[in-house]
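In order, the protein sequences belong to chains P and G. First residue of the first sequence? That's 1 in our numbering, and the numbers climb one at a time after it. First residue of the second sequence? That's 1 in our numbering, and the numbers climb one at a time after it.
Be careful, since some hints might not be right.
[What the hints assert, rightly or not] Here are the simulated SDA-like cross-link-like pairs (lysine to any residue), alpha carbons at most 25 Å apart as the crow flies:
(1) G:Lys288 - P:Ala71
(2) G:Lys288 - P:Lys169
(3) G:Lys288 - P:Ala87
(4) P:Lys169 - P:Met137
(5) G:Lys288 - P:Ala11
[Said to hold, decoys possible] To give an idea of the interface, some chain G residues facing chain P are shown, with a C-beta separation under 10 Å as derived from the structure:
(6) Val46
(7) Val113
(8) Gln224
These are calculated hints, taken from the structure and not from any lab test. Since the model is a prediction, treat every value here as computed from it, not as a measurement. Virtual Cβ for every residue (Gly too), placed ideally from N, Cα, C.
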Amino acid sequence: MTDVRTIEVEAVTKRFGAVAAVNSLSFQVAPGRVTGFLGPNGAGKTTTLRMLLGLVRPTEGRATFGGVAYADLDSPLRTVGAALEAASFHPGRSARNHLAILATASRIPRARIDATLDLVGLSEFADRRVGGYSLGMRQRLGLASALLGDPGVLVLDEPINGLDPEGIKWIRSLLRALAGEGRTVLVSSHLLSEVQQSVDDVIIIARGELVHEGTLSSLSAGDSLSVLVDAPDRAALAAALSAAGFTVTAARAGLVVVGVEAEEVGRAAFAAGVPLSTLHRQSSGLEETFLHLVGGDR
Amino acid sequence: MSTATSLSTTNRNDLSHLGIIQSEWIKLRSLRSTWWTFAILFVITVGVGIQMSSSTSFAWLDGGLSQTGMQAAGVNAVIIGTDINVLVVSVLGVLVIASEYSTGMIRSTFTTVPQRVPALLAKSLVLAIGTFLVVALAVAITIPISIGLLAGNGIDVRLDDPHYWRAMIGSICYLVLIGLMAFGIGAILRSIAGGIAVALGLVFVAPLALGLVGGSSAPQIWLQNFVALLPFNLGRALTAHPGYADFASPGVPLQRPEGLWVLEPWQGALGLVMWVVVVFTAAIVLLKRRDA
Ligand SMILES: Nc1ncnc2c1ncn2[C@@H]1O[C@H](COP(=O)(O)OP(=O)(O)OP(=O)(O)O)[C@@H](O)[C@H]1O
Ligand SMILES: [Mg+2]
Chain P
1 MTDVRTIEVE
11 AVTKRFGAVA
21 AVNSLSFQVA
31 PGRVTGFLGP
41 NGAGKTTTLR
51 MLLGLVRPTE
61 GRATFGGVAY
71 ADLDSPLRTV
81 GAALEAASFH
91 PGRSARNHLA
101 ILATASRIPR
111 ARIDATLDLV
121 GLSEFADRRV
131 GGYSLGMRQR
141 LGLASALLGD
151 PGVLVLDEPI
161 NGLDPEGIKW
171 IRSLLRALAG
181 EGRTVLVSSH
191 LLSEVQQSVD
201 DVIIIARGEL
211 VHEGTLSSLS
221 AGDSLSVLVD
231 APDRAALAAA
241 LSAAGFTVTA
251 ARAGLVVVGV
261 EAEEVGRAAF
271 AAGVPLSTLH
281 RQSSGLEETF
291 LHLVGGDR
Chain G
1 MSTATSLSTT
11 NRNDLSHLGI
21 IQSEWIKLRS
31 LRSTWWTFAI
41 LFVITVGVGI
51 QMSSSTSFAW
61 LDGGLSQTGM
71 QAAGVNAVII
81 GTDINVLVVS
91 VLGVLVIASE
101 YSTGMIRSTF
111 TTVPQRVPAL
121 LAKSLVLAIG
131 TFLVVALAVA
141 ITIPISIGLL
151 AGNGIDVRLD
161 DPHYWRAMIG
171 SICYLVLIGL
181 MAFGIGAILR
191 SIAGGIAVAL
201 GLVFVAPLAL
211 GLVGGSSAPQ
221 IWLQNFVALL
231 PFNLGRALTA
241 HPGYADFASP
251 GVPLQRPEGL
261 WVLEPWQGAL
271 GLVMWVVVVF
281 TAAIVLLKRR
291 DA
């Protein structure tokens, strides 16, 4: 790794005909952290990443790596490693040949091919035609292509899609390790829960526009608390809680009390002498906050 | 970031033309379809050449064929397969570039070589060299066999005839140039089916269709002259031997209508190069402009 850069997206707009896939989008991605790039299907994630990589020309604005457009980088593959959601290889070639093609053009030492194949766990299949690969194996090959040049910046479009649980665990720790080495890591996903455990920061877009940018914990700040509580004698519990001044709503699994900690609910039930069968704290969850953010007025 | 401003001279660009060419060579050789196509090119050149050489005979002709007629017969016997191979190189040319678009490989190509044009040129160079080597090898093998077979049929081909060799080299270059033109068409259309349809339409259908119209009741010279500028007929000019008339209709001079162009081999070559240049110019302009 030679060159670590910040990803800078500055007021980028991309229109396909009348459709604005990305609309005046600005954000930055800092080195040393894993940043989740989130948004529902069709939000404009892939389009944004393609603009970053110079594959698609922005209608307006610019996307750079520390001020330098991708096409102007001296050593693109050694600076930025990218894995796009759609397959970017010929199914008739082996993984080894695919990587050899990239390495040869970029003067990346041949030894890196085996090293990267090994890293992503494809060594065993390296000489098989990619057309016969499973979705997860293709994802691994995409990742190998991205890591080949030992780049300081990684741009990964939905890298977790199609991986088995073991693969997901592995890629999460890999992403953490890459950021730990000081690299800039941008990972897109349409599911917050998919990346929640591995990201430090989140950039959330919907309908081509930024809806949230910040640390993962900044997302949970707007969280609303609730407590699920139940008792063999549910009616008595409801009466006791109402008497204690809580707002109670009935749910299938019990009663839901909003805006309080479990401890307060437990104490109220104890004071009223109602034995409990269930008491636990529910967080409305990041996923719900996420959905709320991207939901908007569709 | 301090590194962000390093557009300085100290930073060596990793992308070299040689590296890009080598990379494109790996691409070409790592696909089975390439080797299949090369094998077909080879087999057609040698096979059709042998077949034609063994079946060409002018024993029926009183007084036999003139020497220049025999030279033309020798040329014809070796390069007759070219008319079929034009089809094969057209398909190969389109396939090599359009398959990158249909598979998504093009994204890897463009992220590796973001300037795009060097990759396109390197790819076409590798295609041209590969086609040249395969066809040249096939022709080199066919020539001695053909000469032996023709001698058995009473046709003595002399090898000190520069027109003979010019036609041989011309036929090889013809296939290379048609392959490049098809490559350019594939780069413009970015679709295998569309590219093959247009390339074959231009190479085969257009001269045939326009030739029929042009040669109808009232021969239209301008149209026939236009047809002469189509790739197929430029190839005919490039690979022609001056003794062709003696060979094709011995004893009877060919009638040519007034005002019809008869292109010299070098004009045929120039015309084909122009086709390639025009198609490549369009392909490069679009390549730089379009989203991938
Ligand atoms: N080449 C194109 N031509 C026309 N419209 C396009 C093109 N590429 C993308 N779009 C449109 O732009 C919008 C954003 O698409 P994009 O692929 O960037 O979304 P995404 O966030 O990656 O979605 P997903 O989670 O499904 O991958 C969509 O409405 C899509 O239809
Ligand atoms: Mg996408």
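Going through the hints against the structure:
1. G:Lys288 - P:Ala71: Roughly 11 Å separates the two Cα atoms, so the pair holds.
2. G:Lys288 - P:Lys169: violated (40 Å)
3. G:Lys288 - P:Ala87: Roughly 22 Å between the alpha carbons, so the hint for G:Lys288 and P:Ala87 holds.
4. P:Lys169 - P:Met137: Roughly 15 Å between the alpha carbons, so the hint for P:Lys169 and P:Met137 holds.
5. G:Lys288 - P:Ala11: holds (23 Å)
6. Val46: Nearest chain P Cβ about 26 Å off; hint violated.
7. Val113: Hint holds; G:Val113 Cβ to chain P Cβ min 6 Å, cut 10 Å.
8. Gln224: Violated: closest Cβ of chain P sits about 43 Å from G:Gln224, beyond 10 Å.
Checked against the numbered hints given earlier, this structure breaks hints 2, 6 and 8; the rest are met.
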